[in-house]
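Undergrad: Chains G, E and Z are the protein sequences, given in the same order. Take 1 as the starting number for the first sequence in our numbering and just add one per residue. Take 1 as the starting number for the second sequence in our numbering and just add one per residue. Take 1 as the starting number for the third sequence in our numbering and just add one per residue.
Read the hints as simulated data drawn from the structure, not as lab findings. Misleading hints may appear alongside valid ones.
Said to hold, decoys possible - Which residues of chain E face chain G? A partial, calculated answer using Cβ under 8 angstroms:
no.	residue
1	148
2	149
3	151
4	152
5	154
6	156
7	157
8	160
9	162
10	165
11	170
12	247
We put the beta carbon where it would ideally sit given N, CA and C, even for glycine.
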Amino acid sequence: MARHVIEVRGLTKTYSPHRAPVRALDRVSFTVDEGQFVTLVGPSGGGKSTLLLILAGLVESTTGEVWVDGEQVRGPVPEKIGIVFQDATLLPWKTALANVEFPLDLRHVPRGVRRERALALLEMVGLQDFADRYPHELSGGMRQRVAIARGLVQDPRIVLMDEPFGALDEQTRTKMGQELLRIWEKTRKTIFFITHSLTEAIYLSDVVLVMSPRPGRILDVMPVDLPRPRRFEMMGSEAFGQARNRIWKLITEGEG
Amino acid sequence: MQRTALAGQLLFVGAVLAGWEAVSQWRWVDPSLLPPFSAVIQILWVFLRDGAFLADLQVTGVEVLTAFVIAAPLAISTGFLLGEKLHWGEVVNPVIHVVLAVPQSIFLPIFILAFGIGFLEKVIFGITHAYFVIVVNTVAAVRAIPAPLVVAARSFGATPVQIYTRIYLPAMLPLVVTGLRLGMIFNIIGVLLAEMYASRHGIGRLIFSWGEAFQIRELLAGILLVSVATIALNEVMRLWEARVGRWRSATLGS
Amino acid sequence: MSRTQAVRIGGLAAALLAWEGVSRLGWISPIILASPSAVLAAIRADGGVFLQAFEVTLAEIAIAIALAWSLGIGVGVAAGSLPRLGATAGPLLSSLFAIPLIILYPLFVAWVGMGPASKILFGAASGFFPIALNALSGVRCLDPRFALVARGMGATTGQIFFKVLLPLALPAIISGLRVGTSLIIIGVVVTEMLASVGGVGFLISYHRTMFNTGHVYLGIFLALLAALLVNRGLSHLEERFGRWRILEQTRA
Chain G
1 MARHVIEVRG LTKTYSPHRA PVRALDRVSF TVDEGQFVTL VGPSGGGKST
51 LLLILAGLVE STTGEVWVDG EQVRGPVPEK IGIVFQDATL LPWKTALANV
101 EFPLDLRHVP RGVRRERALA LLEMVGLQDF ADRYPHELSG GMRQRVAIAR
151 GLVQDPRIVL MDEPFGALDE QTRTKMGQEL LRIWEKTRKT IFFITHSLTE
201 AIYLSDVVLV MSPRPGRILD VMPVDLPRPR RFEMMGSEAF GQARNRIWKL
251 ITEGEG
Chain E
1 MQRTALAGQL LFVGAVLAGW EAVSQWRWVD PSLLPPFSAV IQILWVFLRD
51 GAFLADLQVT GVEVLTAFVI AAPLAISTGF LLGEKLHWGE VVNPVIHVVL
101 AVPQSIFLPI FILAFGIGFL EKVIFGITHA YFVIVVNTVA AVRAIPAPLV
151 VAARSFGATP VQIYTRIYLP AMLPLVVTGL RLGMIFNIIG VLLAEMYASR
201 HGIGRLIFSW GEAFQIRELL AGILLVSVAT IALNEVMRLW EARVGRWRSA
251 TLGS
Chain Z
1 MSRTQAVRIG GLAAALLAWE GVSRLGWISP IILASPSAVL AAIRADGGVF
51 LQAFEVTLAE IAIAIALAWS LGIGVGVAAG SLPRLGATAG PLLSSLFAIP
101 LIILYPLFVA WVGMGPASKI LFGAASGFFP IALNALSGVR CLDPRFALVA
151 RGMGATTGQI FFKVLLPLAL PAIISGLRVG TSLIIIGVVV TEMLASVGGV
201 GFLISYHRTM FNTGHVYLGI FLALLAALLV NRGLSHLEER FGRWRILEQT
251 RA
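Please model the entire structure based on the sequences and the hints provided.
TA: Shown next, in the form of structure tokens:
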């Protein structure tokens with residue numbers, strides 16, 4: 001029986017930078033099972049990134065709690081959760097290899113061990129020949145692959161991804177999606193993926209969580225009944241189109 | 001492109017020196033107003049083996065170094081606090097920019113009234129020249145730290161100390177080094193001016209008294225030496241700047 | 001806006017009062033720190049002399065500004081628009097900028113004498129470098145697509161230069177003028193202090209040797225006033241001609 005590796009209960013987040021408080025998240029609850037690929041989809045400017053930062057323990061919620069792997073999250077848990085951010089956030093003064101090593105370096109893992117591990121991950125994302133390149137010498141897609149390798153380097157059970165392909169062109173984006181699915185099938189990590197692209201959400205996931213515009217609420221938890229491995233042609237199938245229409249309707253009606 | 005540019009610069013400098021030698025040798029200008037380059041080099045060669053001259057040079061060098069060694073850490077820590085504590089920065093930054101807009105040289109008479117005309121006054125005057133430009137650059141360096149990198153590092157479990165040493169430091173270094181380079185130049189200007197205005201020792205004092213005594217050959221030798229030394233120092237610091245900032249110019253370029 | 005102005009004026013008044021108070025308390029010797037009343041006394045005693053000297057200084061500054069602005073903008077814009085010249089002249093100018101120009105002043109005095117000419121020469125030289133360097137980088141950093149688009153609309157080379165490139169480079173040029181001009185003003189006064197027979201700087205040095213601290217402060221204030229006024233004026237110009245830059249940034 002699958003067990004809940006992420007459990008979110010009644011999460012609310014209110015920002016009050018000035019006098020008027022802004023509610024970013026409203027009573028968000030859901031669970032993610034071990035090994036699942038779950039996508040959170042919703043309009044830009046909603047509370048998606050806030051939710052991810054709370055899951056990662058980087059931002060505190062106003063109310064509610066997050067449990068990961070049977071423990072409540074109260075701060076960053078890098079050994080359990082790896083993160084891939086939207087704009088790669090590679091350190092520009094470090095090579096691709098040193099960037100992948102960086103999280104291990106922070107925890108004083110011996111040089112030989114971390115180098116071996118980082119090289120293995122660079123190989124998995126197909127960048128073994130670019131280990132000594134600096135971020136500015138890599139294409140946008142390559143930078144994101146380095147960021148994915150870095151997110152996996154501590155061997156976390158969960159990987160959180162915040163619109164990791166948002167800044168890429170359509171073709172690269174589709175290829176990166178396929179690449180990610182290949183990596184996921186190889187590592188069987190639990191992936192929690194954020195996007196505003198309905199196509200990307202359906203194509204990648206086992207389950208799609210649909211979020212409303214601000215304040216973010218979970219409008220629906222929608223299982224995707226497409227066989228795996230996913231293939232590009234599936235995007236034209238009837239089941240795919242129906243799923244797409246359903247999410248579209250939910251989001252636009254949510255706008256009121 | 002870069003090599004032809006360098007060749008062009010050397011050609012230009014060579015032409016200026018050759019022209020200088022020629023107009024003086026052929027007496028197109030009065031050699032007592034502009035002695036030939038070769039005569040100036042000769043006397044400079046004599047100076048560089050003259051103990052008294054070297055002692056004056058040393059006085060200036062020690063003043064400049066002392067001022068810099070005090071000013072740099074002081075200014076970097078001020079700049080860091082102003083950059084980190086935004087609300088302080090908002091109050092103090094405009095004041096610093098006004099101070100920076102007015103060259104500090106004008107306050108020299110007050111420094112003399114307060115600290116006399118000795119070593120202390122030169123060092124303090126040098127510090128005030130270096131201080132503000134380093135502060136302003138450090139504030140800019142703190143503000144230029146990309147926030148997403150800090151968030152990412154925290155998510156990998158970086159401790160606050162690690163965030164300072166692994167993210168802040170390398171991200172800030174290029175701009176801070178720019179500040180240090182400019183601070184060093186301003187510092188040298190301050191010390192030399194203070195020596196020229198009122199002093200008993202130092203290369204600035206020598207240059208000023210050669211001018212008063214109309215010893216143009218000696219004067220030009222002094223000017224040449226100081227110019228070459230400051231240009232060399234500036235270039236070395238520029239190399240350092242380029243080294244720590246390699247990733248930065250590259251990111252901007254792409 | 002008016003509130004910050006009120007705060008500023010209040011702060012200034014408080015500073016003046018504190019200054020007067022501190023000097024009255026006698027913690028700091030009146031030879032180092034003149035009280036506001038001592039400066040007022042200096043104005044009453046020698047205000048006329050200072051005003052005359054200020055006129056001399058302002059005339060020197062005006063000529064130095066005319067020289068430095070025209071030469072600085074001319075050289076900078078020329079070197080910026082000709083890529084090969086710019087690649088050679090740019091690094092050369094910024095290397096030369098490192099030379100502490102003040103050591104050239106004794107040479108200027110030997111060549112053209114202790115009168116206004118040596119001050120004008122020095123002021124113009126110290127303003128030239130920042131002005132030329134800013135103009136150079138301002139013209140050089142322009143996106144070449146602007147010229148292409150203008151050419152596509154049928155603009156002549158002259159039109160491209162005066163109607164497209166120059167206005168775009170103007171904010172950078174003006175910020176160079178701002179830095180350069182305060183260097184000119186202070187440069188003129190400081191060289192008057194070093195060796196001269198007239199001007200505000202001469203009076204500052206003269207009264208320093210007499211320990212007339214009130215007079216010294218008065219002279220410094222006059223120089224600061226000139227520098228701050230010019231700086232303010234150029235800041236306004238910078239804002240006016242640079243407004244599109246700020247708008248562009250807020251939109252992005």
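Undergrad: Would you mind marking each hint as holding or not holding in the structure?
TA: Okay, the hints, checked on the actual structure:
Proximity of residue 148(E) to chain G holds as hinted, the smallest CB-CB distance being about 5 angstroms (cut-off 8 angstroms). Of the supplied interface hints, the one on residue 149(E) holds, with its beta-carbon coming within about 6 angstroms of a beta-carbon of chain G, less than 8 angstroms. The criterion of a C-beta within 8 angstroms of any C-beta in chain G is met by residue 151(E), whose closest approach is roughly 6 angstroms, and the hint holds. Satisfaction of the interface hint for residue 152(E) is found here, the shortest Cβ-Cβ separation to chain G being roughly 4 angstroms, below the 8 angstroms cut-off.
The beta carbon of residue 154(E) is positioned within 8 angstroms of a beta carbon in chain G (closest approach about 6 angstroms), and the interface hint is therefore held. Look at residue 156(E): its Cβ gets to within about 4 angstroms of chain G, closer than 8 angstroms, so that hint holds up. For residue 157(E), the interface hint holds, since its Cβ comes within 8 angstroms of a Cβ in chain G; the closest pair sits about 4 angstroms apart. Here the hint on residue 160(E) is broken, as its CB sits about 12 angstroms from the closest CB of chain G, past 8 angstroms.
At its closest, the beta carbon of residue 162(E) sits 6 angstroms from a beta carbon of chain G; the interface hint therefore holds under the 8 angstroms criterion. With a least beta-carbon distance of about 10 angstroms to chain G, the hint placing residue 165(E) at the interface is violated under the 8 angstroms criterion. With 8 angstroms as the threshold, the beta carbon of residue 170(E) comes within range of chain G, its nearest partner Cβ sitting at about 5 angstroms, so the hint holds. A cut of 8 angstroms between beta carbons decides the hint on residue 247(E): the least distance to chain G is about 4 angstroms, and the hint holds.
In the structure shown, a violation is registered for the earlier hints numbered 8, 10, in ascending order.
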